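Novice: Starting from the known structure of chain X, arrange chain B on it as the hints suggest.
First to last, the sequence lines map onto chains X and B. Numbers given in my numbering equal positions in the first sequence, counted from 1, plus 722. Numbers given in my numbering equal positions in the second sequence, counted from 1, plus 722.
Certain hints may be false.
Because identical chains cannot be distinguished in the list, a pair is counted as satisfied if it fits within a single copy or across any two copies.
20 Å max Cα-Cα, derived SDA-like pairs, lysine to any residue [claimed, not checked]:
hint : residue 1 : residue 2
1    : K915      : E884
2    : K915      : P815
3    : K915      : A898
4    : K924      : S789
5    : K826      : S789
6    : K886      : F737
7    : K826      : H788
8    : K923      : R823
9    : K915      : I899
10   : K915      : N900
11   : K915      : N810
12   : K886      : E812
13   : K915      : T811
14   : K923      : A739
15   : K924      : P815
16   : K923      : P787
17   : K923      : S789
18   : K915      : E897
19   : K886      : A898
20   : K886      : A739
21   : K923      : P815
22   : K826      : A838
23   : K923      : T763
24   : K826      : A801
I should point out that these hints are in silico values taken from the structure, not numbers from a laboratory. Small disclaimer: the values here were computed from a predicted structure and weren't measured.
Listed below, chain by chain, are the residues.
Number of protein chains: 2
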Amino acid sequence: MHLTQDAVTNLDQRFRAHLINSLSGFKSANLIGTQDTEGNTNLAIVSSVFHLGAHPPLIGMIIRPHSVARHTFENILEAGCYTINQVNTEIVPQAHQTSARYEKHESEFNATGLTAEYLAGFSAPFVAESRLKYSVRLREHQHLAINGTELVIGEILDLHIEDKALQEDGFIDLEAINTVAISGLDSYHSTQKLTRLPYAKKT
Amino acid sequence: MHLTQDAVTNLDQRFRAHLINSLSGFKSANLIGTQDTEGNTNLAIVSSVFHLGAHPPLIGMIIRPHSVARHTFENILEAGCYTINQVNTEIVPQAHQTSARYEKHESEFNATGLTAEYLAGFSAPFVAESRLKYSVRLREHQHLAINGTELVIGEILDLHIEDKALQEDGFIDLEAINTVAISGLDSYHSTQKLTRLPYAKKT
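So that you can see chain X by itself, here it is in the shape it has in the complex (with noise of 0.2 Å):
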């Protein structure tokens, strides 16, 4: 099926978003967390973070300043930090309804059960029931003039990893902690290892 670009223009907006959202291909699944400098917390599902850079550790995602995310941008701009928490197959409800539109006085771990941690003197609380999560430091944060998106750039500190999906190399077995991927808006999956492949070189 050939979609043109005038084709997909004219698509009904719900469906294009639909559509659009599934051209990437699989994203990551995380929740941040957050927290004002009045003590409330917050959470919320991200499907944006990407790997930015190992030397020095540096993590990206883009966030919709005036989405249901609005209170993770503000938090993570007045505390200057945040967790980052991967999505296991155990919590996928509760975190998919951290999406839902809370006021900022309202914690969406009341809301969806899940358990807010401190770790290691964080400021910003971790998701207890995740597997494998960090802690962040803001970096800077680029307004994207383009469609209003901002791109936040984190330096990773701590990390807390499950000992057994970390292999002998530093790979982290991410099917050892049932960590899921996202399709399109709305889709989790989990995953099958196919294979790792050894660096390419000229044959």
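Specialist: Structure of chain B alone, referenced to chain X:
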């Protein structure tokens, strides 16, 4: 297991690369097709393609301009256009092999056996074996001084999708076309659908 920032900093560089690349969760697997003005084609696997927005349809990716993806970045700047082709289970080894360090005059299409095809008059090559692909026009690129990477933002033009994958509401069933996910630097995964969840509302 708790790994402090200092502990991570002191890890062996290769170990750290595997570790940090695992933290974001599952990544998309896409082949970027480009062509310079002399007609040299290039194909590069990229795990950093991400959804940026549906209105207008925009797609982002992170490129390390001095890495093996340098020709891809040069061609995008030169030609202003590229294709994005989802990787499926049938072409994982060939897709991975595009990450070897070929010279600019060596086409990864020839080197890997993937087939270049030209669709709907678009000047950059598609991957015939890919079952979901689209043409993209460069809109902007930003140098991220924090680690020397480039954020490349493109406008999604025409879509080429296998009919059977497109569902009634616009959602694309990526499993119907065997799209794979990546974890870490080198691990490839098929997926199994867990659930699609309705738009979340406060209860």
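Novice: Against each hint, give a clear statement of whether it holds in the structure.
Specialist: Structure-based check of all given hints:
1. Proximity of K915 and E884 under a CA criterion of 20 Å is satisfied intra-copy only: 19 Å inside one chain copy versus 24 Å between copies.
2. Taking CA atoms no more than 20 Å apart as the test, K915 paired with P815 passes between copies only; the shortest distance there is 14 Å, against 24 Å inside one copy.
3. Taking the shortest alpha-carbon separations for K915 and A898, both the intra-copy value of 11 Å and the inter-copy value of 17 Å come in at or below 20 Å.
4. When the C-alpha separation of K924 and S789 is checked against a cutoff of 20 Å, the pair qualifies only between copies, where the shortest distance is 15 Å, while the shortest distance within a copy is 46 Å.
5. In this homomeric assembly, K826 and S789 come within 20 Å of each other (Cα to Cα) only inside a single copy, at 13 Å, whereas the closest approach across copies is 43 Å.
6. In the homo-oligomer, the alpha carbons of K886 and F737 lie at most 20 Å apart only across protomers (16 Å), although the nearest pairing inside one protomer, at 41 Å, exceeds that limit.
7. In the homo-oligomer, the alpha carbons of K826 and H788 lie at most 20 Å apart inside one protomer (13 Å), although the nearest pairing across protomers, at 43 Å, exceeds that limit.
8. When the C-alpha separation of K923 and R823 is checked against a cutoff of 20 Å, the pair qualifies only between copies, where the shortest distance is 7 Å, while the shortest distance within a copy is 49 Å.
9. In the homo-oligomer, the alpha carbons of K915 and I899 lie at most 20 Å apart both inside one protomer (13 Å) and across protomers (17 Å), since each shortest distance falls under that limit.
10. Taking CA atoms no more than 20 Å apart as the test, K915 paired with N900 passes in both settings, with 12 Å inside one copy and 13 Å between copies.
11. Taking the shortest Cα distances, K915 and N810 sit within 20 Å of each other both inside one copy (16 Å) and across copies (13 Å).
12. Taking the shortest alpha-carbon separations for K886 and E812, only the intra-copy value of 17 Å comes in at or below 20 Å, while the best inter-copy value is 30 Å.
13. Proximity of K915 and T811 under a CA criterion of 20 Å is satisfied in both settings, with 16 Å inside one chain copy and 11 Å between copies.
14. Taking CA atoms no more than 20 Å apart as the test, K923 paired with A739 passes between copies only; the shortest distance there is 18 Å, against 39 Å inside one copy.
15. In this assembly of identical chains, the alpha carbons of K924 and P815 lie at most 20 Å apart only when taken from different copies (13 Å versus 45 Å within one copy).
16. Taking identical chains as interchangeable, the C-alpha atoms of K923 and P787 lie at most 20 Å apart only when they sit on different chains, with a minimum of 19 Å there against 43 Å within one chain.
17. Taking the shortest Cα distances, K923 and S789 sit within 20 Å of each other only across copies (14 Å), while inside one copy they are farther apart (44 Å).
18. Taking the shortest alpha-carbon separations for K915 and E897, both the intra-copy value of 8 Å and the inter-copy value of 14 Å come in at or below 20 Å.
19. For a Cα distance limit of 20 Å, the shortest separation of K886 from A898 inside one copy, 7 Å, qualifies, whereas the shortest one across copies, 32 Å, does not.
20. Taking the shortest alpha-carbon separations for K886 and A739, only the inter-copy value of 19 Å comes in at or below 20 Å, while the best intra-copy value is 38 Å.
21. In this assembly of identical chains, K923 and P815 lie within 20 Å of each other by CA distance solely across copies; the values are 12 Å between and 43 Å within a copy.
22. Taking the shortest Cα distances, K826 and A838 sit within 20 Å of each other inside one copy (16 Å), while across copies they are farther apart (51 Å).
23. For the homomeric pair K923 and T763, the shortest alpha-carbon distance between copies (19 Å) is at most 20 Å, but the shortest distance inside one copy (48 Å) is not.
24. Taking the closest pair of Cα atoms, K826 and A801 come within 20 Å of each other only inside a single copy of the chain (15 Å); across copies the shortest separation is 46 Å, beyond that limit.
Checked against the numbered hints listed earlier, the structure breaks none of them; every hint is satisfied.
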